[in-house]
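K.L.:
If you want the building blocks of each chain, they are given just below.
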Amino acid sequence: MMDPRALSSPAARPIRAAAARDPGPLGPPPALSAAGITKRFGPLLALDDVSLRLAPGSFHALLGENGAGKSTLVKCIMGYHPADAGEVRVGDAALSIRSPREAQSLGIGMVYQHFTLVMNMTVAENLVLARPSLPLVIDWRKEREAIRAFMARMPFRIDPERTVRELATGEKQKLEILKQLYLGSRILLLDEPTSVLTPAEADEVLGMLRRMADEQRISVLMISHKFREVMAFADEVTVLRRGRVAGRGKARDLTPAAMAEMMVGAQPAHVSAARGDAPAGEPVLRIVGLAATAGRGRRALDGVTLTVRRGEIVGIAGVSGNGQEELVEVLAGQRAAREGAVLVHGEPYGAGREQTRAHRVRCLPEEPLRNACVPAMSVAENLGFRVFDRPPFTALRFGVSRAALRRSAERLVAEYAVKTPSVDAPIGRLSGGNVQRAVLARELGSGEDIELLIAANPCFGLDFAAVAEIRSRILLARNRGTAVLLVSADLDEIFAMADRVLVMSEGRIVHESPIASADVAAIGRAMAGHR
Amino acid sequence: MKLLPQALLGRETAEVIAIPVGALAASLLVFGAFVASQGANPLGVYYDMYRGAFGTWFSFQNTLLRAAPLMLTALCTALPARLGLIVIGGEGAVVVGGLSAASAALASRALGAPPVAVLAAMLLSGLAAGALWIGLAGALRVYRGVSETISSLLLNYIGIAILNHLVEGALRDPASLNKPSTAPIGAENALGNLPGVEVHWGLAYGVLACALCYVLMHRTTFGFAAAMSGGNVRAALLAGLPVKRLVVITCMLAGACAGLAGMVEVAAVHGRASASLVSGYGTTGILVAFIARHNPLAILPVALLLGGIGASGGLLQRTAQLPDATVNVLQGILFIAILASETLRGRPRAAREPEVRQAAPASAVA
Numbered sequence: 000m001m002d003p004r005a006l007s008s009p010a011a012r013p014i015r016a017a018a019a020r021d022p023g024p025l026g027p028p029p030a031l032s033a034a035g036i037t038k039r040f041g042p043l044l045a046l047d048d049v050s051l052r053l054a055p056g057s058f059h060a061l062l063g064e065n066g067a068g069k070s071t072l073v074k075c076i077m078g079y080h081p082a083d084a085g086e087v088r089v090g091d092a093a094l095s096i097r098s099p100r101e102a103q104s105l106g107i108g109m110v111y112q113h114f115t116l117v118m119n120m121t122v123a124e125n126l127v128l129a130r131p132s133l134p135l136v137i138d139w140r141k142e143r144e145a146i147r148a149f150m151a152r153m154p155f156r157i158d159p160e161r162t163v164r165e166l167a168t169g170e171k172q173k174l175e176i177l178k179q180l181y182l183g184s185r186i187l188l189l190d191e192p193t194s195v196l197t198p199a200e201a202d203e204v205l206g207m208l209r210r211m212a213d214e215q216r217i218s219v220l221m222i223s224h225k226f227r228e229v230m231a232f233a234d235e236v237t238v239l240r241r242g243r244v245a246g247r248g249k250a251r252d253l254t255p256a257a258m259a260e261m262m263v264g265a266q267p268a269h270v271s272a273a274r275g276d277a278p279a280g281e282p283v284l285r286i287v288g289l290a291a292t293a294g295r296g297r298r299a300l301d302g303v304t305l306t307v308r309r310g311e312i313v314g315i316a317g318v319s320g321n322g323q324e325e326l327v328e329v330l331a332g333q334r335a336a337r338e339g340a341v342l343v344h345g346e347p348y349g350a351g352r353e354q355t356r357a358h359r360v361r362c363l364p365e366e367p368l369r370n371a372c373v374p375a376m377s378v379a380e381n382l383g384f385r386v387f388d389r390p391p392f393t394a395l396r397f398g399v400s401r402a403a404l405r406r407s408a409e410r411l412v413a414e415y416a417v418k419t420p421s422v423d424a425p426i427g428r429l430s431g432g433n434v435q436r437a438v439l440a441r442e443l444g445s446g447e448d449i450e451l452l453i454a455a456n457p458c459f460g461l462d463f464a465a466v467a468e469i470r471s472r473i474l475l476a477r478n479r480g481t482a483v484l485l486v487s488a489d490l491d492e493i494f495a496m497a498d499r500v501l502v503m504s505e506g507r508i509v510h511e512s513p514i515a516s517a518d519v520a521a522i523g524r525a526m527a528g529h530r
Numbered sequence: 000m001k002l003l004p005q006a007l008l009g010r011e012t013a014e015v016i017a018i019p020v021g022a023l024a025a026s027l028l029v030f031g032a033f034v035a036s037q038g039a040n041p042l043g044v045y046y047d048m049y050r051g052a053f054g055t056w057f058s059f060q061n062t063l064l065r066a067a068p069l070m071l072t073a074l075c076t077a078l079p080a081r082l083g084l085i086v087i088g089g090e091g092a093v094v095v096g097g098l099s100a101a102s103a104a105l106a107s108r109a110l111g112a113p114p115v116a117v118l119a120a121m122l123l124s125g126l127a128a129g130a131l132w133i134g135l136a137g138a139l140r141v142y143r144g145v146s147e148t149i150s151s152l153l154l155n156y157i158g159i160a161i162l163n164h165l166v167e168g169a170l171r172d173p174a175s176l177n178k179p180s181t182a183p184i185g186a187e188n189a190l191g192n193l194p195g196v197e198v199h200w201g202l203a204y205g206v207l208a209c210a211l212c213y214v215l216m217h218r219t220t221f222g223f224a225a226a227m228s229g230g231n232v233r234a235a236l237l238a239g240l241p242v243k244r245l246v247v248i249t250c251m252l253a254g255a256c257a258g259l260a261g262m263v264e265v266a267a268v269h270g271r272a273s274a275s276l277v278s279g280y281g282t283t284g285i286l287v288a289f290i291a292r293h294n295p296l297a298i299l300p301v302a303l304l305l306g307g308i309g310a311s312g313g314l315l316q317r318t319a320q321l322p323d324a325t326v327n328v329l330q331g332i333l334f335i336a337i338l339a340s341e342t343l344r345g346r347p348r349a350a351r352e353p354e355v356r357q358a359a360p361a362s363a364v365a
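Protein chains in written order, with numbering that gives the first Met the number 0: chain Z, 0 to 530; chain X, 0 to 365.
Derived from the structure by calculation, the hints contain no laboratory data. Backbone N, C-alpha and C fix where the C-beta goes; we use that ideal spot for every residue, glycine too. One should not assume that every hint holds.
To be verified - From the structure, some residues in chain X lie toward chain Z, with a derived Cβ separation under 8 angstroms:
#1 Phe223
#2 Ala226
#3 Met227
#4 Asn231
#5 Gln330
#6 Gly331
#7 Ile335
As the list claims (entries may be wrong) - Counterexamples of contact, computed for chain Z against chain X with all Cβ distances above 12 angstroms:
#8 Thr37
#9 Val117
#10 Pro134
#11 Val136
#12 Met150
#13 Pro159
#14 Val244
#15 Lys249
#16 Ala277
#17 Gly332
#18 Glu353
#19 Asn370
#20 Pro374
#21 Leu395
#22 Arg401
#23 Glu492
To be verified - Examples of chain X residues toward chain Z, derived with CB under 7 angstroms:
#24 Gly230
#25 Gly239
#26 Leu343
#27 Arg344
With the sequences and hints as input, model every part of the structure.
P.N.:
The structure is reproduced here in structure tokens:
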């Protein structure tokens, strides 16, 4: 076999780019193996002697809790991080991959959780511009023909002339995969590729990858949290726990329970609160005829009316992009309402600091780093956002007592198991799951009973242990009498938690039913816009 | 928070100091090449600049006199920067502050007020005029979505035009023939010198303002709220903070500082309002604020340095036969070097540590 390194020489690139357009008959993709990878970040041992082998044409799932080292391992393979010890082999050659571009030239491609597409360019433009080297003048007619020929060989097609913005989420993720294939990648690394997809879209995308792997066209290494997907599509599984390999095996030999045990180890399962059966009390949140506009004057909310009572969880289901985000933004004070009223305890509510405090309203928005944290401020400061301006966190009335903030943060970090080097570290450096835990600690950990909780996809992108913990904390709050508005794109979550389900479509509430008598088919029709 | 950051020897602290110092050294090199091309010996020029700025007690006093207004105008850019706003309207705020201080002095003098009352009237009207001026830029930002950078820049021209209009018209002293000015405020109403030195009280105002602004921005709940809003406006809104009000108040404080600089120029230096108020202190203040990374305490030494560079222009002209605008060339080189060096921040780390992700600053509101 030819040394794959030869492909990385600049002179070889055009040849390779040509090969991407006309691959001809291909052998199976090269095997990828990582042996004894160790990686430290300061005092933190992120990876400790981790080995993994990706056989040609296999579909390998990498499982683990948040912070277990999955992303770090993949980044070491891709050359983002130099590993402190260990080696990565592609085919027969042991290589030290020093940069993502080098990995790319060896045929290793990465698909991220979030899109790396240029939204206002066409599919064809996105594909061509992703190439590592481009001629000074692009012959678009030739490129289009090449892309058409390329698409013809793919198991699915996207019109190359469409603008990426117009594509549905699932199509965008498929385009990310197509882009890697177009670039000639034979080994695909995917970091939670389905987290932004509906279950049906996820099945379609993963099914396609599975087929291509079966045909020996590609090998797949996928980071995932979802046992269902792992069981349905993967043939091999490696589980990481705290930077070490906690278990591995063939997917058909493993059960979700066995994998879960490998992920969390011998620790006892997190408390799962049972739903109390006290009846819902008086209304806490009332929204009447709420309307709001989003970018370019689009009417995102179009007369939303709903009520949330004391001690009940009202779930809002719907396909994302139907106004749920804007509804939460209005309730969080991040977007102005055009019409209508938001009433808490019968009083007009505008999410100002005094009102939030008087009515004890808390919010768990989605994307907590973007919506609820200042990345450059410390964990202690971020945990103090709700309380920094009142005793005991003030000094001399107008001053902020950093010492008091730090003490309270130490307690919250311990209680909510936030993994951080110290409470003085900028919160932006924490992993996504730990940012989420920190926000949860701030919003729920104040010790006082919360009257109204607004939660938007609170478990998005989290591993199952964290999901169980967050759900049980929300259920416990409900049992203590908190009124909860739960906006979720995950219907299973709503069925697991809510007392009542509302369906939102095109900025309106189009369906309502108590969870006990909820009909999944009817909800599905409502979500799809059929009344 | 301790007085000194705890990681004094840590990498980030080293970076905070090393990057501006490196930029300074690089711009001195470039400037050296420039003066060499003009036929002067760079080392001689630097020595002359040192002498002209800090070499003698006389030249040091001159430096202090120039540093005082720079401290105040630098605050005009540094305070809004904590909220993520880039305000470059210091010059206009100096002008309207000086103009309204002179008008207040003339009005209160006409009413027969004693010197203390005249000075108090000047102080208050200077502060108020500057506050309204930059407050307007802040309000346009949050309520109308106008870029504060553009509006404060344009407000400079408006302020200067108003000054020229009034000193050449309604407020013109008929006795000021060559240089249209307002009537003098009167020697008895002038702002005096600090005890024992030939430096007016404006320096004390500048130092005090920087100290107060440091405490406000780094130690108080107001500063905490401002840092939240500047760091991520969505998080600040979620926490229920009145972000728009914070922006307007901070802009008003910033403008008040620059307005105070204008008042000091009128009350201690010129004794009247004239086109001399347009002296570039507002513009140099932007440079001071950026070099000081918008930290009010760091503004003090930086203002001294830039004041010294300005003060050395005269000596340079006499000894090296270079035009006194040469020091402006150095200022320009410095500004570009400092702005460019910002991109080096965190470079050696970026490859290994996850980056602190950026979030929307308060300027993104409205």
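K.L.:
Report the numbers of all earlier hints that the structure fails to satisfy, in ascending order.
P.N.:
Violated hints: 5, 6, 7, 17, 18, 19, 20, 21, 22, 26 and 27; rest satisfied.
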